[in-house]
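Residue numbers (numbering that gives the first Met the number 0), protein chains in the order written: chain S, 0 to 270; chain H, 0 to 270.
Worth flagging that the hints you see were computed from the coordinates, not collected in a lab. Keep in mind that this is a model prediction, so the values were computed, not measured. Check before you lean on any hint, since a few could be wrong.
Identical copies look the same in the list; a pair holds intra-copy or inter-copy alike.
[As the list claims (entries may be wrong)] In silico lysine-lysine, DSS-like type, Cα no more than 30 Å apart, as pairs:
| no. | residue 1 | residue 2 |
| --- | --- | --- |
| 1 | Lys164 | Lys148 |
| 2 | Lys183 | Lys44 |
| 3 | Lys246 | Lys59 |
| 4 | Lys148 | Lys24 |
| 5 | Lys246 | Lys44 |
| 6 | Lys75 | Lys183 |
| 7 | Lys164 | Lys75 |
| 8 | Lys75 | Lys24 |
2 protein chains.
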Amino acid sequence: METRSTIDRRPAQELRSRCRSGEFKQPTTGFAPGFAQANLLVLPKEDAFDFLLFCQRNPKPCPLLEVTEPGDPEPKQIAPAADLRTDLPLYRIYRNGELVGEVQDVRELWRPDLVAFLLGCSFTFETALLRAGLGVRQLEETLPDGSAKNVPMYRTNIPCRTAGKFSGPLVVSMRPYTPADAVKAATVTARYPSVHGAPIQIGDPSSIGIQHLDRPDWGNAVTIRPGEVPVFWACGVTPQAAVIQSKPSFAIAHAPGHMFVTDVTDEELAV
Amino acid sequence: METRSTIDRRPAQELRSRCRSGEFKQPTTGFAPGFAQANLLVLPKEDAFDFLLFCQRNPKPCPLLEVTEPGDPEPKQIAPAADLRTDLPLYRIYRNGELVGEVQDVRELWRPDLVAFLLGCSFTFETALLRAGLGVRQLEETLPDGSAKNVPMYRTNIPCRTAGKFSGPLVVSMRPYTPADAVKAATVTARYPSVHGAPIQIGDPSSIGIQHLDRPDWGNAVTIRPGEVPVFWACGVTPQAAVIQSKPSFAIAHAPGHMFVTDVTDEELAV
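So that you can see chain S by itself, here it is in the shape it has in the complex (with noise of 0.2 Å):
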């Protein structure tokens, strides 16, 4: 993941940047194609422990990027300069697990104790599926008002493994494919373990406790055609999840589907 100058990566810094002025407030995916994308949860130094080893417990929901050191806003391994406190289009605040507010800018909530986690995000491999051919059903849907569409998030009934305080449900991201392009879906996908890599199921919702694909917890629903069956990435709203149940004293966390983009490629990424 080291940076390397051969590749042009102003088009994630101008994403950033756009966040940063507040121009830029609706979900990233679809956005500075072949970047790697990343989840943010912020917690105090006192839970940082127990939550980074829910991590290493848990490293296909949690697959960390960067973890950065108390207090510094800047993820210097994978967004050199970047600042995490202004450069995502979109935050959620938690206290005591309760969501409690939407803001686009977290400055005056910044505190020296606080420890930033990234992790991988599945939109990092959108664009493998697109140039394998794949379509991303959330890309080509947009909502009754024109705006972009995020993609569908669901709870499961697959418990994390527990570490310290932190425990919670599994979080799934859905596409949609052919049980042809399913199985193409989870070789390309599977190149990315370090942004949930292959699936975790194909076919079944009920069995991982996901009852209705038009209800997703978080994010928007999207069509599925006849003959097409659903697809489950491990997503990684799953620390989220796990704050509301765990209810750590204060947590920053991106908005679902409003990511950090970082300077890495996908490419950089895959193994």
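Model the placement of chain H on the given structure of chain S, informed by the hints.
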């Protein structure tokens, strides 16, 4: 890494039992073939976040297999019912970064605030090297008194990424091969990223700060035959070099080469 009932895990359990009784106290290279071996570092909870972050930032020398809850000496994922206080052949005790003792049992030193880190060890892939028709030199040679050799390990001039209070040089293990076999050894071991994976370097010790192959910093020198080159793998003694440099108040580690043998097979860890 879930244990599966079709695999007979008794060879691992029996070796641990021989460690517990005090009967087995030599290096574990070549023993319980096919079972993953692990490096151990035990630290007080107050240092555990910094060290967990050190592992996250240095995954090649510090690939985490399991981290225990504070005070719990049982590695529930990779060796249920084992006891990390007795089940290694030999331990090293550090106070303020100084090696103060070598013991076969650490029950009297155990505390409710201690966290154990288990990191993959390259002894794990030696079985795969042997299956691929590649010799492992330290297994072929003995010391003048007839006892088994340990793998040679060297401090390099490559700094690890710092995390909180922890910093230190990368430590490597070395096995000599002909240039053609070195490529084969790289391919074979690349399948095992959680036990250090592919070599970090082949054939140029001085460029990584190693001046005398016949004087390893840990373990025993082995013969390098005419036409052979040294092949270097990241080594799980790296945490002990970080302890020596970073001086946490207290640490327990395995004696280099005297590993914890887990219930997990090398193939369960392979990618």
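Hint check results:
1. Lys164 / Lys148: Answer is neither; intra-copy 34 Å and inter-copy 44 Å both fail.
2. Lys183 / Lys44: neither (41 Å within a copy, 45 Å between copies)
3. Lys246 / Lys59: Answer is within; shortest intra-copy Cα gap is 22 Å, inter-copy 34 Å.
4. Lys148 / Lys24: within (13 Å within a copy, 62 Å between copies)
5. Lys246 / Lys44: both (15 Å within a copy, 21 Å between copies)
6. Lys75 / Lys183: Neither. Shortest intra-copy (35 Å) and inter-copy (36 Å) distances fail the 30 Å Cα cut-off.
7. Lys164 / Lys75: So Lys164 and Lys75 pass the 30 Å test inside a copy (28 Å) and across (17 Å) alike.
8. Lys75 / Lys24: within (24 Å within a copy, 44 Å between copies)
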